[in-house]
Amino acid sequence: MPTDPKQKTKVYWKKNLQTLVVLLLIWFLVSFGCGILWVEELNTIQLGGFKLGFWFAQQGSIYVFVLLIFAYVFWMNRLDRKFDVDEE
Amino acid sequence: MEILTWTYILVGLTFALYIGIAIWSRAGSTKEFYVAGGGVSPLANGMATAADWMSAASFISMAGLIAFAGYDGSVYLMGWTGGYVLLALLLAPYLRKFGKFTVPDFVGDRYYSNTARVVAVICALFISFVYVAGQMRGVGIVFSRYLEVPIEWGVVIGMIIVFFYAVLGGMKGITYTQVAQYCVLIFAYMVPAIFISMQLTGNPIPQLGFGGEVEAGVPLLDKLDGVLDELGFAAYTDGRKSMTDMFMITLALMVGTAGLPHVIVRFFTVPRVKDARLSAGYALVFIAILYTTAPAVAAFGIYNAINSTSEKPISELPTWVQTWENTNLIQVDDKNGDGLVQYLPDPNQNELQIDKDIMVLASPEIAELPNWVVGLVAAGAMAAALSTAAGLLLVISTSVSRDLFKTFKPEISEKKELLIARIAAAGAVVLAGYFGVNPPGFVAQVVAFAFGLAAASFFPVILLGIFSSRINKEGAIFGMLVGLVFTLGYITYFKFISPEQNTAEYWWFGVSPEGIGSIGMILNFIVCVLVSRFTPAPPASIQEMVEEIRIPRGAGKAIDH
Chain A
1 MPTDPKQKTK VYWKKNLQTL VVLLLIWFLV SFGCGILWVE ELNTIQLGGF KLGFWFAQQG
61 SIYVFVLLIF AYVFWMNRLD RKFDVDEE
Chain B
1001 MEILTWTYIL VGLTFALYIG IAIWSRAGST KEFYVAGGGV SPLANGMATA ADWMSAASFI
1061 SMAGLIAFAG YDGSVYLMGW TGGYVLLALL LAPYLRKFGK FTVPDFVGDR YYSNTARVVA
1121 VICALFISFV YVAGQMRGVG IVFSRYLEVP IEWGVVIGMI IVFFYAVLGG MKGITYTQVA
1181 QYCVLIFAYM VPAIFISMQL TGNPIPQLGF GGEVEAGVPL LDKLDGVLDE LGFAAYTDGR
1241 KSMTDMFMIT LALMVGTAGL PHVIVRFFTV PRVKDARLSA GYALVFIAIL YTTAPAVAAF
1301 GIYNAINSTS EKPISELPTW VQTWENTNLI QVDDKNGDGL VQYLPDPNQN ELQIDKDIMV
1361 LASPEIAELP NWVVGLVAAG AMAAALSTAA GLLLVISTSV SRDLFKTFKP EISEKKELLI
1421 ARIAAAGAVV LAGYFGVNPP GFVAQVVAFA FGLAAASFFP VILLGIFSSR INKEGAIFGM
1481 LVGLVFTLGY ITYFKFISPE QNTAEYWWFG VSPEGIGSIG MILNFIVCVL VSRFTPAPPA
1541 SIQEMVEEIR IPRGAGKAID H
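In order, the protein sequence lines correspond to chains A and B. Numbering of the first sequence is given in this note's numbering, commencing with residue 1 and proceeding in unit increments. Numbering of the second sequence is given in this note's numbering, commencing with residue 1001 and proceeding in unit increments.
Please keep in mind that the hints were generated in silico from the structure rather than gathered at the bench. Yeah, the Cβ is synthetic: ideal placement off N, Cα and C, and Gly gets one too. Treat each hint with caution, since some may be false.
[To be verified] Dumping the calculated BS3-like pairs for lysine-lysine here, alpha-carbon to alpha-carbon at most 27 Å: (1) A/K6 <-> A/K82; (2) A/K15 <-> B/K1409; (3) A/K15 <-> A/K82; (4) B/K1100 <-> A/K6; (5) A/K82 <-> A/K8; (6) B/K1100 <-> B/K1274; (7) B/K1100 <-> B/K1416; (8) B/K1274 <-> A/K6; (9) B/K1100 <-> B/K1409; (10) B/K1223 <-> B/K1312; (11) B/K1100 <-> A/K10; (12) B/K1416 <-> B/K1274; (13) B/K1335 <-> B/K1356; (14) B/K1312 <-> A/K8; (15) B/K1415 <-> B/K1100; (16) A/K10 <-> B/K1274; (17) A/K82 <-> A/K10; (18) B/K1100 <-> A/K14; (19) B/K1495 <-> A/K14; (20) B/K1274 <-> A/K82.
[Stated by the list, open to error] Pairwise CB distance ranges, derived in the manner of DEER restraints: (21) A/L24 <-> B/E1325: 43 to 51 Å; (22) A/E87 <-> B/L1231: 36 to 44 Å; (23) A/L24 <-> B/F1496: 29 to 37 Å; (24) B/G1226 <-> A/E40: 13 to 21 Å; (25) A/N77 <-> B/E1325: 54 to 62 Å; (26) B/S1541 <-> A/N77: 53 to 61 Å; (27) A/N77 <-> B/Y1434: 42 to 50 Å; (28) A/T44 <-> B/F1496: 39 to 47 Å; (29) B/L1530 <-> A/L24: 43 to 51 Å; (30) B/A1234 <-> A/L25: 43 to 51 Å; (31) B/Q1501 <-> A/E40: 26 to 34 Å; (32) A/N77 <-> B/F1496: 42 to 50 Å.
For reference, chain B alone in the conformation it holds in the complex (with noise of 0.2 Å):
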């Protein structure tokens, strides 16, 4: 059979799984809609978790990126894991116990202000509508280029799909669905994987294979590292970014991880506090078979692309560099006529245009596989892209429903509450497919910044209101305002306003725009210490507050509303 038709038939099935689910768990009540009615077990809670968590970037892009940073690409594996000890040591079972839905919830009543919730509510809306937006996009490229339809169209059935379960199903129908999407996902990044490893080097483990050897006694790496080194380039394993760079941009992540408002909500889903740790566990055993395995992809995909292109006759080249020359993803250009292709890193010089893309997209056609598993590898791109974004578009109704309208207007009925929260989630996906559609030049640039943002805005006032009870609220919203401010100035100032400027002469301290949302947390911290110490203790009811949310006893029965 034919590639298209594996592929429709292929996404076609899983999307007819999401609706079924979708229908299956449709949301009665407000506690279903906002944290699936609180019972979900710490394994599905995990999957579902990995889902929201593993975007489309994740999938499609992360192992071109690293592919073409080798070292410095580290900065996503460890940020966009060890984020979650952060999230299960310091944040999740603490604030499972508090027992409410929402993080604008937590820091509302912790720093007991309307004012702080609103700030919260504003950073959270901001955050997952940057990070919904690059959803939507992937979800229409994705079905660009796998079922040759135009973008928009890719984009408007990505809506109606989620719109299906998000709107419908609330938390509870995304929980489900997130799970069969984590299958779904997780199947087809390692079907390819797994084959390329063996084809290079002998062992069906890509983590294993990574350190394995291409020819007898020269491992894959060193081999990398020998041809990027011939051909000018950096070595694989050697990094460009400054020392303190690094540590500052994966410190953003880490932290920034930690404080995504539509991470943390998972951890309000199940039932007690020893099932919140559990499953942060569980979370991070899922996603770190997709985060060990990509940087074997990459230097799989890098190596593979150099060895059947470099200085090799253009008429002779493998046919998927000609299947993807169609999509732009590979461009060659004989730019000295000699019918050879030459892969350097001088930009006039250079040859050979690799979309890092590619390395996920064509992985199947590089190792020779079936033509099912390319239609295997567009269902799971559709399925990473689709659980991200659902889990957003949940974030932002709640913070619609619950945030504003239930705290300043409390008497609303449980069932206008629900309402409003649907109809919130279908604003927000329209919303969402229009950006997709027409995305502002600003969402690509901005996505990875959402990190910073969340690392300089939630994750100080969240930790300081858990671990200790003299914080007040003038500390958390003049610490919120400040770490939030200086992030996003710094980040316009390099990205937008000046951007010639964005170098590592001129950034603050050697850090660069990605890893300013680390010196954004300690501005607040000291802030948010600081102001509290010449301001007002907290009421003592906030204090019994802080200290009964470290026990775990007593979670299950926690606030019904």
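Bound conformation, chain A alone (with noise of 0.2 Å):
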């Protein structure tokens, strides 16, 4: 952790930059991969009662977004912590 408090808020925003590149990746596959994209391929596996690339573009890939939101909060509520920016 850097002690120079502008060095910190960027190492933060580095931190939170990565953050969000991980989530929002998640966020394109989920919908845009599994929903569309390869959607006639997943459509070949059986989930249940649902083909795999319809069940994604119509329940799974909501649910994913909703789990990314809360982890999103999770995570970003730990840095804040760590770098001592969060409110009291």
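Since each chain comes alone in its own frame, lean on the hints to assemble the complex.
What follows is the structure, encoded as structure tokens:
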């Protein structure tokens, strides 16, 4: 952890961006990926009564979206505390 | 008791509740009027956001839209939920830290320019008006179908109710009524869905019943694919739209959702940055409950509709078909005179016309539920329409009083500003009501495009304003204008000037007008970055402001004007 406040802010922002990139990558993969681009390939796999690609497009992607936001909340709260920029 | 009596009782009770809340939560200051004093809990804000977001169209029409579109309907499901991820990760926390009251506030301050502010106000007003007219129409339609009053009267009654809590209570009144409205609408949506799911598949959870079996070893979706295929329709789980178009429409809806001013402004109402993040999560949970149920309702609905009518004698159709024939939502026409109903893709032979709204509106009757459930669905549809209308009206009134009046006449007193905000809200209610009674032909067409416009105008400049300190006012103004003009031009051309050319053959890059907002957004980004590169960097104070909004600490004490 850098001690210089300016440097600290920079590192904090970089960590924040890394978190965003990871989460948005997943966001893209479950919706545009599984739900649209690879839907036909995934539809050959059966998940219960669903074709997998169809399930991602109409159910799965939405569940993952919810999880992504809560993961973001959790990580950012931890990051804020670590860099001492959290709110009291 | 009769359906009509139940409907009057339930709709009346919910209205009384909304008015009660409005009186209890009257706004006393501009801060209360604009952002409910900034002290709303993340959970309440999540619920309010969900109600704000889910309109009459989500409640009444979406399931039907998906029922007839099958897999293609996924664009709405992914598009209207995925946008919340963008909102939570890229916009909401930073805008909360910025700590003012509106989207044009941010654009005007970040780009140190009143021209940018005015361009943003015009975008916000345009998007909100288009959208609110559709809501008022929705209120009128629900009234006329359930309470048997003319559409005009329905619109007027809706106007009076919204007037009450939007004009009196401002954001504070709206927030707490929206919490109540969310509870009403989700209960009304889930009850019939649960019963239909149980009836068809034996599973009470619609999301699971969706993948359940209708007969031993045959999943509902496979059966549905088979039935549709036999009649000559495309299979339910297959797409008809091109992959490019699916991609672009989904993207436009997602980004548009994140750029809609009435949704963004909800995140100004919570106390801290971490609350803004969390409340976006809650909002999506509350939205997802309805959005994961809707595709199940869609599949159940179309399966039931075909099963109970196709190749059945006209004299023996179930009673709900006859009931809804009276409202013209279902039309049966025995073209070949064989006494049976044929549901076919060819319009010349098809004998059954089903309106998409029937999938939700008639669901209690299809599932043979008691009469009070019908009343409940009516109350739920009203809640959905009113909550969205109120949120939009607030954006309109705030834009006028704060972004226009206060900016150009900064010396007006708080009391006067509040009065102007109320007058603007009242004016907007009347105007929206007028469009609800006399809908200009373009409204229905254009509502879906509000998203494209929001995507092409706001999203890029807000995002770049946070994540880059180099973007300057020239870039932002040109970016917004190019995005808006391009998207509006493309939509106008294909929808109004040459509608006969509105086919994949003529579309640029195979992108339909519904999805063109994605291209508009990309153009906005490119123009914004390029113009900024060749013009002077923003002043040091702005660069400091950008640094500042990236850090959560200190949001609590942000700007109290």
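Hint-by-hint comparison with the structure:
1. A/K6 <-> A/K82: holds (16 Å)
2. A/K15 <-> B/K1409: violated (42 Å)
3. A/K15 <-> A/K82: Given that 27 Å is the threshold and the Cα spacing comes to 11 Å, the pair holds.
4. B/K1100 <-> A/K6: holds (26 Å)
5. A/K82 <-> A/K8: Holds, because 11 Å separates the two Cα atoms, which is no more than 27 Å.
6. B/K1100 <-> B/K1274: holds (16 Å)
7. B/K1100 <-> B/K1416: Roughly 19 Å separates the two Cα atoms, so the pair holds.
8. B/K1274 <-> A/K6: holds (22 Å)
9. B/K1100 <-> B/K1409: It holds: about 18 Å lies between the C-alpha atoms, which stays within 27 Å.
10. B/K1223 <-> B/K1312: holds (18 Å)
11. B/K1100 <-> A/K10: Holds, because 25 Å separates the two Cα atoms, which is no more than 27 Å.
12. B/K1416 <-> B/K1274: violated (33 Å)
13. B/K1335 <-> B/K1356: Since the Cα atoms of B/K1335 and B/K1356 sit roughly 22 Å apart, the hinted pair holds (cutoff 27 Å).
14. B/K1312 <-> A/K8: Answer violated: B/K1312 to A/K8 is near 73 Å, above 27 Å.
15. B/K1415 <-> B/K1100: Since the Cα atoms of B/K1415 and B/K1100 sit roughly 18 Å apart, the hinted pair holds (cutoff 27 Å).
16. A/K10 <-> B/K1274: holds (20 Å)
17. A/K82 <-> A/K10: holds (14 Å)
18. B/K1100 <-> A/K14: holds (26 Å)
19. B/K1495 <-> A/K14: Distance of about 45 Å is beyond 27 Å: violated.
20. B/K1274 <-> A/K82: It holds: about 15 Å lies between the C-alpha atoms, which stays within 27 Å.
21. A/L24 <-> B/E1325: 43 to 51 Å: holds (49 Å)
22. A/E87 <-> B/L1231: 36 to 44 Å: violated (59 Å)
23. A/L24 <-> B/F1496: 29 to 37 Å: Roughly 36 Å apart at Cβ, these two residues keep to the hinted range, so it holds.
24. B/G1226 <-> A/E40: 13 to 21 Å: Between B/G1226 and A/E40, where Cβ atoms are some 19 Å apart, the hint holds.
25. A/N77 <-> B/E1325: 54 to 62 Å: Given range 54 to 62 Å: holds, Cβ gap about 56 Å.
26. B/S1541 <-> A/N77: 53 to 61 Å: Once the Cβ atoms are compared, 30 Å apart, the range 53 to 61 Å for A/N77 and B/S1541 is violated.
27. A/N77 <-> B/Y1434: 42 to 50 Å: holds (47 Å)
28. A/T44 <-> B/F1496: 39 to 47 Å: About 42 Å separates the Cβ atoms of A/T44 and B/F1496, which means 39 to 47 Å holds.
29. B/L1530 <-> A/L24: 43 to 51 Å: violated (24 Å)
30. B/A1234 <-> A/L25: 43 to 51 Å: For A/L25 against B/A1234, whose Cβ atoms are near 32 Å apart, the range 43 to 51 Å is violated.
31. B/Q1501 <-> A/E40: 26 to 34 Å: Taking Cβ atoms as reference, B/Q1501 and A/E40 lie about 30 Å apart, which means the hint holds.
32. A/N77 <-> B/F1496: 42 to 50 Å: 49 Å Cβ-Cβ, so the 42 to 50 Å window holds.
Of the numbered hints stated above, those contradicted by the structure are hints 2, 12, 14, 19, 22, 26, 29 and 30, listed in ascending order.
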